[in-house]
Each structure stands twice: as structure tokens, then as C-alpha cells.
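S.K.: Here are the chains, one letter per residue:
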Amino acid sequence: SQTIHQWPATLVQPVGSPLSLECTVEGTSNPNLYWYRQAAGRGLQLLFYSVGIGQISSEVPQNLSASRPQDRQFILSSKKLLLSDSGFYLCAWSVGRGFDGYTFGSGTRLTVV
Amino acid sequence: GNSVTQMEGPVTLSEEAFLTINCTYTATGYPSLFWYVQYPGEGLQLLLKATKADDKGSNKGFEATYRKETTSFHLEKGSVQVSDSAVYFCALMEPSGTYKYIFGTGTRLKVLA
Chain B
1 SQTIHQWPAT
11 LVQPVGSPLS
21 LECTVEGTSN
31 PNLYWYRQAA
41 GRGLQLLFYS
51 VGIGQISSEV
61 PQNLSASRPQ
71 DRQFILSSKK
81 LLLSDSGFYL
91 CAWSVGRGFD
101 GYTFGSGTRL
111 TVV
Chain D
1001 GNSVTQMEGP
1011 VTLSEEAFLT
1021 INCTYTATGY
1031 PSLFWYVQYP
1041 GEGLQLLLKA
1051 TKADDKGSNK
1061 GFEATYRKET
1071 TSFHLEKGSV
1081 QVSDSAVYFC
1091 ALMEPSGTYK
1101 YIFGTGTRLK
1111 VLA
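Residue numbers (our numbering), protein chains in the order written: chain B, 1 to 113; chain D, 1001 to 1113.
There's no promise every hint is true.
For lysine-lysine, the following DSSO-like pairs were computed, each having C-alpha atoms within a straight-line distance of at most 30 Å [what the hints assert, rightly or not]:
{"#": "1", "chain 1": "D", "residue 1": "K1110", "chain 2": "D", "residue 2": "K1077"}
{"#": "2", "chain 1": "D", "residue 1": "K1056", "chain 2": "D", "residue 2": "K1077"}
{"#": "3", "chain 1": "B", "residue 1": "K79", "chain 2": "D", "residue 2": "K1100"}
{"#": "4", "chain 1": "D", "residue 1": "K1068", "chain 2": "B", "residue 2": "K80"}
{"#": "5", "chain 1": "D", "residue 1": "K1056", "chain 2": "D", "residue 2": "K1100"}
{"#": "6", "chain 1": "D", "residue 1": "K1068", "chain 2": "D", "residue 2": "K1056"}
Label-pair restraints from in silico Cβ distances [as the list claims (entries may be wrong)]:
{"#": "7", "chain 1": "D", "residue 1": "S1079", "chain 2": "B", "residue 2": "K79", "range": "48 to 56 Å"}
{"#": "8", "chain 1": "D", "residue 1": "E1016", "chain 2": "B", "residue 2": "S77", "range": "32 to 40 Å"}
{"#": "9", "chain 1": "D", "residue 1": "T1020", "chain 2": "B", "residue 2": "E26", "range": "31 to 39 Å"}
{"#": "10", "chain 1": "D", "residue 1": "G1029", "chain 2": "B", "residue 2": "P8", "range": "35 to 43 Å"}
Short derived list, chain B residues pointing at chain D, Cβ under 10 Å [unchecked claim]:
{"#": "11", "residue": "P8"}
{"#": "12", "residue": "A9"}
{"#": "13", "residue": "E59"}
Quick caveat, the hints were computed from the structure, so don't treat them as lab data. It should be emphasised that the depicted structure is a prediction, and the values quoted were computed from it without experimental measurement. Ideal Cβ placement from N, Cα and C applies to all residues, glycine included.
Please construct the entire structure, taking both the sequences and the accompanying hints into account.
M.R.: Below, the structure is given as C-alpha cells:
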């Protein structure tokens, strides 16, 4: 069966520090991968998506970047965190465009202090 | 552009009450529609979906009917339980092949015993 792992579950980082969040998918090949952010009291905002190794599309200009070094690995990074980067980050995957829905990871709660 | 509008929360109900969470959408073409549920501290889980007009999605006692004439996809359950307390997100998949969903802002449901 397919599973998605996301870590860490919680993270407290000082302003200006780097960030690396990792997401891996098991049990499937060539998934579409997504990073979403959920800010407090708000909906989900798509940050990045990837349809293949090394292929990253950015949805909004921001302080973050994403990479897909392997087929089932998706990494969210920042060189210098801002206070506004705080939020709940969710990784998701889908088969193709996602007609059968997305499968989400359990999320990372990031607090920038 | 495409968008999803959900009713403002929180919604507070007593156990065994009838639930309706309204969702309307704006989209060109015929999007697929979804409801996701997010339990506290977790990622989103697909609850149900509908891919064409008049389709009814159902799961775990929840139902939603794709109404093209009113551009709506309201979520209903006949008798809610305390365990249904969560945040519910309505979403559409853009029909133009952009590999992304548009999520509503979420509606928090609290069910009291």
C-alpha cells in the first residue's frame, strides 16, 4: 500500500535560520508531489508542485524553495526563515492529476521565533 | 479565476443533529469536486468526491451532490457524532489540467455530547 511520510512533526526555528522539511512516498512510482501551507485560521495555499524528478513549479513568490532529488522525495527549504513562514506545512501526492484525490502527510508545524 | 467558497465556521452541533456545510464554486468547464476532513494535528483525508453533474459522493455517513445548476457541493450528514469534530475543506480540481486543486478556507465543526 502507498504511504507518505513527512518529518519533523513540529519545529521551532529562529528567524534567519535555514529550513529543510522532507517528504517521502512509498508504494508508488512517479507520483505528482505537492507542498501546501496552512496558516492559522486560513485555508490551504499551494506552494510548489512537481510532476517528475527535478521538475518544480512554484505557485507564489516567497522565501521558500523546493527540490525533488528522487522520484519519491520532495524537500522544502529556506536559506533564511522569516516570521511569516510560520504555519502548518503539508506534503501530498497524487496519481496523475489527482482525479482520485490527494493523499496528505501528517504535516509539520513550523514556528519561527 | 476558479474559486471555492465555504460557509464560515465554527459550526457547533449537538450529537445526533443534522449537519449541512455549504460549499459553492466558480469554475470554467466541469471541475471535479471533493470534500476533505482534517482532524486536530493531522493532515487532510479525502472524505468523498464527485466528478460530474448530479453525482453523489458518500462516505462514513456523509453525502454531497454535485449541483451544476447552483454550482454547489454541500456536505450533509444525518446524525453527527462527537468523533466528527474536525475541519472540513471543500475543493475543486481545475478542469484545465494545471495539476492543482483550489481549496476552500475550511469549516470547523464541533459536536457536543
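S.K.: Now look at each hint and say whether the structure bears it out.
M.R.: Cross-check of the supplied hints:
1. Under the criterion of a C-alpha separation no larger than 30 Å, the hint pairing K1110 of chain D with K1077 of chain D is consistent with the structure, at around 14 Å.
2. Restraint check for K1056 of chain D and K1077 of chain D: the C-alpha separation of about 13 Å stays at or below 30 Å, so the hint holds.
3. Restraint check for K79 of chain B and K1100 of chain D: satisfied, since their Cα atoms lie roughly 26 Å apart, inside the 30 Å limit.
4. The suggested pairing of K1068 of chain D with K80 of chain B is violated, with an alpha-carbon distance near 46 Å, which exceeds 30 Å.
5. For the given pair, K1056 of chain D sits about 22 Å from K1100 of chain D by alpha-carbon distance, which is consistent with the 30 Å threshold.
6. Taken as a hint, the K1068 of chain D and K1056 of chain D pair is honoured in the structure, with Cα atoms around 12 Å apart against an allowance of 30 Å.
7. Checked against the given bound of 48 to 56 Å, the beta carbons of S1079 of chain D and K79 of chain B, roughly 51 Å apart, stay inside it.
8. At about 48 Å, the beta-carbon gap between E1016 of chain D and S77 of chain B misses the expected band of 32 to 40 Å.
9. Between T1020 of chain D and E26 of chain B, the C-beta spacing of about 38 Å keeps the proposed range 31 to 39 Å intact.
10. Between G1029 of chain D and P8 of chain B the Cβ separation comes to about 40 Å, which falls inside the hinted range of 35 to 43 Å.
11. For P8 of chain B, the suggested interface contact is broken, since its CB lies about 13 Å from the closest CB of chain D, more than 10 Å.
12. For the restraint placing A9 of chain B at the interface with chain D, the shortest Cβ-Cβ distance is roughly 8 Å, inside the 10 Å limit, so the hint holds.
13. Given the 10 Å rule on beta carbons, the hint for E59 of chain B holds: about 7 Å separates it from the nearest Cβ of chain D.
Of the numbered hints listed earlier, those contradicted by the structure are 4, 8, 11.
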